[in-house]
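Peer 1: Sequence:
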Amino acid sequence: MRILALDGALARASAAVWAEGRVLAARSADGARGQAIALPPMVAAVLAEAGVKAAALDAVAAVVGPGGFTGIRAALALAQGLALAAGRPAIGVSTGEALAAALPQALRAGHAVWSATDTRRGRILLERFAPGALDPLGPPEPFSLEALPVPEGPVALVGDAAPLLAAVLGDRAVLTDALLPEAAAVAAVAALRLAGKLPPRACLPLYVEPPAVKLPPGQPASQG
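Going by this note's numbering, the first residue of the sequence shown is number 1234, and it counts up by one from there.
Do not rely on the hints blindly, as some may be mistaken.
[What the hints assert, rightly or not] List time: in silico SDA-like cross-link candidates among lysine to any residue, alpha-carbon distance up to 25 Å:
1) 1286 to 1337
2) 1286 to 1262
3) 1430 to 1369
4) 1286 to 1265
5) 1430 to 1352
6) 1430 to 1321
7) 1286 to 1261
[As the list claims (entries may be wrong)] Across the chosen pairs, the derived CB separations fall in these ranges:
8) 1405 to 1273: 38 to 44 Å
9) 1342 to 1428: 18 to 24 Å
10) 1403 to 1288: 49 to 55 Å
11) 1353 to 1429: 32 to 38 Å
12) 1273 to 1377: 35 to 41 Å
13) 1281 to 1340: 23 to 29 Å
14) 1365 to 1266: 31 to 37 Å
Derived from the structure by calculation, the hints contain no laboratory data. Here the structure is a predicted model, which is why all the values come from computation and not from measurement. Using N, Cα and C, we set each Cβ at its ideal position, and we do this for glycine too.
Let the hints inform the model, and build the full structure from the sequences given.
Peer 2: Here it is as structure tokens:
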């Protein structure tokens, strides 16, 4: 099973080719902007390094959100175009799924995982996972730091807003180093999805709140 995975949801762009449980090639670049420019050459580089042509892929996967509007749309447009050209499925992976999959299995087995994405508007988007699970308990939900739910047991924190949650939750939480998704973990989740071990997820943007974009007066808002 050969999967090309892309991510541009948060402050990193990454791409990886994954086959039969291992990464054949990977590239990443940190930065809050520029995913639309960074991702196409990354894809070309990892495919060349892995010696895999797009037509030989079994699937193309991308992070659908939550995250930044521009980065998500850039990654999804590229993933959908490559999948269509190759005649292969495009698989969606949430930000939380990718981050949870990057954690050691032993840590996930003993802790619920909370994936926290910073909206930059005074709220965080919380995607929660039961211990040992990679299928979230529900869709991401918005919370202010003052109104966070109380965890029922120990939680492992991932995502770019994880340090903020760790300061609030104290010794009830373990702050991990999984703050930004990596394409290799995206591919691992997509492989489980392709094998029917996780529920399907469309390769379409996952919006929890409206994008923080101000349109010129009189211009209608996009319905995408």
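Peer 1: All hints, please: hold or fail.
Peer 2: Results for each hint:
For a cut-off of 25 Å, the pair hint linking residue 1286 to residue 1337 is broken: about 31 Å separates their Cα positions. Using a Cα cut-off of 25 Å, the hinted pair residue 1286 and residue 1262 holds, with the two alpha carbons roughly 23 Å apart. At most 25 Å may separate the alpha-carbon atoms for a hinted pair to count; residue 1430 and residue 1369 meet this at roughly 13 Å. Between residue 1286 and residue 1265 the alpha-carbon distance is near 30 Å, which puts this suggested pair outside the 25 Å criterion.
With a C-alpha separation of about 30 Å, the suggested pair residue 1430 and residue 1352 falls outside the 25 Å cut-off, and the hint is violated. Between residue 1430 and residue 1321, the direct Cα distance comes to roughly 19 Å. Compliance with the 25 Å bound is thereby established for this hinted pair. For a cut-off of 25 Å, the pair hint linking residue 1286 to residue 1261 stands: about 20 Å separates their Cα positions. Take residue 1405 and residue 1273: their Cβ atoms lie about 42 Å apart, and the range 38 to 44 Å holds.
In this structure the supplied range 18 to 24 Å holds for residue 1342 paired with residue 1428, their Cβ-Cβ distance being about 20 Å. Here the CB-CB span from residue 1403 to residue 1288 is close to 52 Å, well matched to the stated 49 to 55 Å. Between residue 1353 and residue 1429 the Cβ separation comes to about 36 Å, which falls inside the hinted range of 32 to 38 Å. Taking the beta carbon of each, residue 1273 and residue 1377 are about 37 Å apart, inside 35 to 41 Å as hinted.
In this structure the hint that residue 1281 and residue 1340 lie 23 to 29 Å apart at CB is violated, the actual value being about 34 Å. Our hint of 31 to 37 Å for residue 1365 and residue 1266 holds, since their Cβ atoms are close to 36 Å apart.
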